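*Asks:* Given next are the chains, with one letter for each unit.
Number of protein chains: 4
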Amino acid sequence: MTANKIKIGIMGATGYAGQQLVSLLMRHPNIEIDFISSNSYAGLSFDQVYPHYTKLISDKLISMDEAMGRMDQVDLVFAALPSGEVFRVATAAMSSGIRLIDLSADFRLKDKSSFEFWYKLSHGAEELLPLAVYGLPELWRDEIKEARIVANPGCYSTASILALAPILRNDDLVDPFSVIIDAKSGVTGAGRKEEISLLLAEASESVKAYNIGMHRHTPEIEQEISKVYGDKLNVTFTPHLMPMKRGILATCYINAVTFCTDDDIYDIYERFYGRFPFMRIRREPLETRYVSHTNFCDISIKVDLRARRIIITSAIDNLMKGAAGQAVQNMNIMFGFEETAGLMDQMPLIP
Amino acid sequence: MTANKIKIGIMGATGYAGQQLVSLLMRHPNIEIDFISSNSYAGLSFDQVYPHYTKLISDKLISMDEAMGRMDQVDLVFAALPSGEVFRVATAAMSSGIRLIDLSADFRLKDKSSFEFWYKLSHGAEELLPLAVYGLPELWRDEIKEARIVANPGCYSTASILALAPILRNDDLVDPFSVIIDAKSGVTGAGRKEEISLLLAEASESVKAYNIGMHRHTPEIEQEISKVYGDKLNVTFTPHLMPMKRGILATCYINAVTFCTDDDIYDIYERFYGRFPFMRIRREPLETRYVSHTNFCDISIKVDLRARRIIITSAIDNLMKGAAGQAVQNMNIMFGFEETAGLMDQMPLIP
Amino acid sequence: MTANKIKIGIMGATGYAGQQLVSLLMRHPNIEIDFISSNSYAGLSFDQVYPHYTKLISDKLISMDEAMGRMDQVDLVFAALPSGEVFRVATAAMSSGIRLIDLSADFRLKDKSSFEFWYKLSHGAEELLPLAVYGLPELWRDEIKEARIVANPGCYSTASILALAPILRNDDLVDPFSVIIDAKSGVTGAGRKEEISLLLAEASESVKAYNIGMHRHTPEIEQEISKVYGDKLNVTFTPHLMPMKRGILATCYINAVTFCTDDDIYDIYERFYGRFPFMRIRREPLETRYVSHTNFCDISIKVDLRARRIIITSAIDNLMKGAAGQAVQNMNIMFGFEETAGLMDQMPLIP
Amino acid sequence: MTANKIKIGIMGATGYAGQQLVSLLMRHPNIEIDFISSNSYAGLSFDQVYPHYTKLISDKLISMDEAMGRMDQVDLVFAALPSGEVFRVATAAMSSGIRLIDLSADFRLKDKSSFEFWYKLSHGAEELLPLAVYGLPELWRDEIKEARIVANPGCYSTASILALAPILRNDDLVDPFSVIIDAKSGVTGAGRKEEISLLLAEASESVKAYNIGMHRHTPEIEQEISKVYGDKLNVTFTPHLMPMKRGILATCYINAVTFCTDDDIYDIYERFYGRFPFMRIRREPLETRYVSHTNFCDISIKVDLRARRIIITSAIDNLMKGAAGQAVQNMNIMFGFEETAGLMDQMPLIP
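Residue numbers (the working numbering), protein chains in the order written: chain Z, 1 to 351; chain R, 1 to 351; chain G, 1 to 351; chain S, 1 to 351.
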């Protein structure tokens, strides 16, 4: 396992996920950033877009086209672009012989027609789908290690799949067809968009449900937990928007088919996740602030004996374990770096 | 239907629910407030406790003992006191021959032992339980009209029961034993308490689950929906705290046992709630800000055809329809006033 | 003093100030709303734009052109439009013989060239300037009563002028040339704009200064306090944006030229504002929540004996006393209604 | 200049400033933490108090008494204790021959009677005052290097003094007796206290002024700027509480006595602060989020030519440059470490 420095590029460096990538990779011991690009802010320096970074990061943002031209100078490119825009990046990256971590949804769904149904876009790089690995390290670390393309999971999907995988490996305990996921997210999950409904004056002091039964992370969750379970599963997935910036709490419900206690289920989760550096199994109810600005995924369990149901909650930071943090974790695995490299510098926030 | 002015007293007028009562009743056309009392602030005027009300409400707060002594001068007393403290108030009110609206949980559960199990308190007025009616006007208006004691429902319970009652009357469509309620509340639901976890510095920018499978509103919800359904039901109820002041969103899940569409279910709800002034059935997803500072309960429906599940969401303001507003609505019914009297003056807030 | 019902129209009914006007006027006892108009949402009903108002306000929004055509059917029009767009409305209103309350800045500055300097717009109705009265009732009530056009003051200006007027009438106590105003506003002051910097994800957890020494309310403040003082005054005015929706706190500094105590200054303010229904003089420091969603202006005073400086703070709700509430107050005065009519229904918010 | 590892202890490790110290020092390359103590949580581990730190910091918290007993095992102790409680710590530290960084106010005021007047406490270690240096590195770095006791500045004081020092060295430009400081702080400035007024339900959506003309940081600011100026100065200082967690913006006003431009003043500040790693002079208005969770102090300048006044704004994070960050910076200077050591790991937050 070698740990030389690699050269990387970041496309889409000024969105919420992109800037988080810049922030993490700037401090990463095994990385040299070759370029950062932005469609909206090409020509400006990073700290002109984000004055927080004055005296810290003044790298110039190059255009998408320039970034495409620099692809053979790097070992890896991160694409933090809207869905539908990574197909041509991937094609270029593959012909340049470099590796790609894609934070969009373009390579997450193995089934092209499912992608086209949920995203209302035609798939622009079907032939590359076999090269893509779903980048959830706690499930597919070995595949990630060798992958040419890593499809970095959606934020809701990360929280949901991590909450459900262990129990679905124990189908003598639960009815795998009874899964309901009620998820709550901060507003950065919607991206950095000029939208009335995301204004402080509109989005604070309110919680809302949206896209009920129709959110695009649903097929991704189903694909992955079906793989874990071994048969095709459907879930009910309901996303909600919270009046806060970051964080996801996923409250997952599954019917017990046999008597079991909290401890029984905790055993399963502790065994499943014991060796993973970013998983924290907790005996108390979760709060998203505990994981805010970290790459941790917290999990807590409660058996509702009266209703014979198991409630598994998981909490992540949607821009870290739900996006940029997980992308860095994937890179660490792909290139044989320490799995936590560059991810432990930013301490949790209190308050 | 007579509409003479009545005299009322408010016990516990400075908690969050109590002050909301004062605010509503000060403007109510059929009411004269005889006294307001407070354990913590007796002797002060209302606007000394809440300077918002300077030049508007300067009534003196009397002590609990004084309030007990004035009971025979009023027609109705509101008790916005902690659970366990209303038993003696109720006993006094009944012997004074007046009526009582109790915002605590003391008379909500018909089964004394259930009360004692969930609240870890002994029931101090078992003999009065037959006089108490569960004060949810959309279900029990006729009984409320005649009631000596109205047990004003809990905030979570109001949102949950209103969301579930119509569909449970249609048990050919759904499995009544499959109900899951995932509820999200603002922090005023926890009361006006000096608690580190409720500080702005701790509670903002975070969402948390709490009391999973053990919240005290669970037996209340089960009691009422069992009455509606006609047989004993258990539910899974999971409360969450949101970083905002007011509002509850209850996302309710129930399994469909036959094929049905959004329209089928909307039909049921529109027929069930059509004539009720505070119910609003919406075709779009809910946001709690739409009901903030009003007595409305909004309901929206979505059938998840893929997973054969019906998702009913309801939104209320926890201090209005979830507490003080509903108490005033109950009073209006008890005394033959217009059901909306005093409840439409405060227009919704934008922004 | 007659109190017949009048007919009014509201132009720009869906901005933050406009919707507040609709909300207030819908409940006003002396008003019939003839039309509400909106450039962006013409054709929709009010509650389609603001679902908060379902079952409450379903009036259709008409276009600007239709509104212009209906001008002779009303007694009064409110223009809650951007600066520069009210000139032609005013011209039409004057030829229709109706009265106008203008919530923009178009008629606030008596000096045309000052308007053109600060607003970078040419003045489109110079000939109407003599018809316009600056609509601050606590200073110019008699003039407002007779005015054809009332120029409704800016939000910052209202808070600042009310804080400063009494002390400037006492120039033996203070140096009138030493005025500094440090003002803090909620984000609705910036309007309902699709702007990245106003997103919850960007504007929460931060305070910022902006337009230092250059804010457009400066000439308005100077014009009015100069009138009060009797000679031309300049002020330093610094606006700040707070992470909240509503409210302005103006902290005003002025040098004392003679020894004086808190009581001396309180005397002046209590005499000056004693008979005004919306002025509240307080002995404690101010909090904007005390005036939130009301038409009150709170004032508090502190003499800094060590530095020989008087600090006067004022608090208003920027959409009420700072915009729509004051507009209704002006209308009440213009048409001989009770000054508080329609302004006391919405009780203060706790919490 | 050697850079060996030193051993340190932290007293008061669970308050807002204390926990920030723990977080910074855990990652500091030249530090070994010997003990952390807490009056309220002795016996618990750090991550039991702050579950954010599970898997990161599980050090046990010892009692105050135990901490006093360990004093001779460390090179330096940080006291993040309430004012009045550091006198005996200092006495013990001095007799143990170790150094002390005191985050309370106990050694900030050189004049014992001034301390006793402002803090209503008797000074318990007058004899140690000569050993104490006011720990503002941008002014007194040389003194700090040798100091036995460093009195770490107050948060408001840091922002104010850094904003004012350069201009006060240029008294041909300004009237040094005309200084007004209008400061805005997040709620963590008030500490981690169980107080109704600090609840999310009370403190959000509001801004308030407090302690006008009487705040305890006033004498500290005056002492320091008087030293800089060379004669005794008084200032008017007005603190305000903002609805956010962290951050201070200080808007400082001073009268110009001669014509000067923005550039003239920027020259002065750029020369004064050019070589300091944590000072950032900006041409645009400040936002506290730019410095949030960093040790930077941002400064911006505007000359109000119309009113002949200079407005200097400064922004810091009150728990970093305003408390723990500055304490670490002081330690770095005292022990010859890199001045930025341990202070650049936590990148700025977006969003």
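Rather than coming from a laboratory, the hints here were simulated on the basis of the structure.
Because the structure is a prediction, the values reported are computed rather than measured.
Be careful, since some hints might not be right.
Because identical chains cannot be distinguished in the list, a pair is counted as satisfied if it fits within a single copy or across any two copies.
As the list claims (entries may be wrong) - Derived lysine-lysine pairs resembling DSSO-like cross-links, with alpha carbons at most 30 Å apart:
1) Lys120 to Lys5
2) Lys5 to Lys145
3) Lys112 to Lys5
4) Lys60 to Lys227
5) Lys55 to Lys145
6) Lys232 to Lys60
7) Lys232 to Lys110
8) Lys5 to Lys55
9) Lys120 to Lys7
10) Lys112 to Lys227
11) Lys145 to Lys110
12) Lys227 to Lys5
13) Lys193 to Lys145
14) Lys55 to Lys120
*Asks:* Quick one: Lys120 to Lys5, C-alpha cut-off 30 Å, is that within a copy, between copies, both, or neither?
*Replies:* Neither: 39 Å inside a copy, 55 Å across copies.
*Asks:* When no copy is named, should Lys232 and Lys110 be tagged within, between, both, or neither for a Cα gap of at most 30 Å?
*Replies:* Cα proximity of Lys232 and Lys110: one copy only (14 Å, versus 45 Å across).
*Asks:* 30 Å Cα cut-off: does Lys5 pair with Lys55 within a copy, between copies, both or neither?
*Replies:* both (24 Å within a copy, 28 Å between copies)
*Asks:* With 30 Å as the alpha-carbon cut-off, assign the pair Lys193 and Lys145 to within, between, both or neither.
*Replies:* neither (34 Å within a copy, 46 Å between copies)
*Asks:* What label fits Lys227 with Lys5 when the C-alpha limit is 30 Å: within, between, both, or neither?
*Replies:* neither (34 Å within a copy, 51 Å between copies)
*Asks:* Is it within, between, both or neither when you check Lys232 against Lys60 at 30 Å Cα-Cα?
*Replies:* neither (47 Å within a copy, 48 Å between copies)
*Asks:* I want to check one pair: Lys55 and Lys120. Are their C-alpha atoms no more than 30 Å apart within a copy, between two copies, both, or neither?
*Replies:* neither (43 Å within a copy, 36 Å between copies)
*Asks:* Between copies, within a copy, both or neither: which fits Lys120 and Lys7 at Cα up to 30 Å?
*Replies:* neither (35 Å within a copy, 50 Å between copies)
*Asks:* Evaluate Lys60 and Lys227 at a C-alpha cut-off of 30 Å and name the case that applies: within, between, both or neither.
*Replies:* For Lys60 and Lys227, neither the intra-copy (42 Å) nor the inter-copy (43 Å) Cα distance is at most 30 Å.
*Asks:* Please sort Lys112 with Lys227 into within, between, both or neither, judging by C-alpha distance up to 30 Å.
*Replies:* within (17 Å within a copy, 49 Å between copies)
*Asks:* One pair to classify: Lys5 and Lys145, alpha carbons no more than 30 Å apart. Within, between, both, or neither?
*Replies:* within (17 Å within a copy, 38 Å between copies)
*Asks:* Evaluate Lys145 and Lys110 at a C-alpha cut-off of 30 Å and name the case that applies: within, between, both or neither.
*Replies:* Close inside one copy (19 Å), not across copies (61 Å); limit 30 Å.
Figure legend: structure checked against the earlier numbered hints; hints not met, in rising order: 1, 3, 4, 6, 9, 12, 13 and 14.
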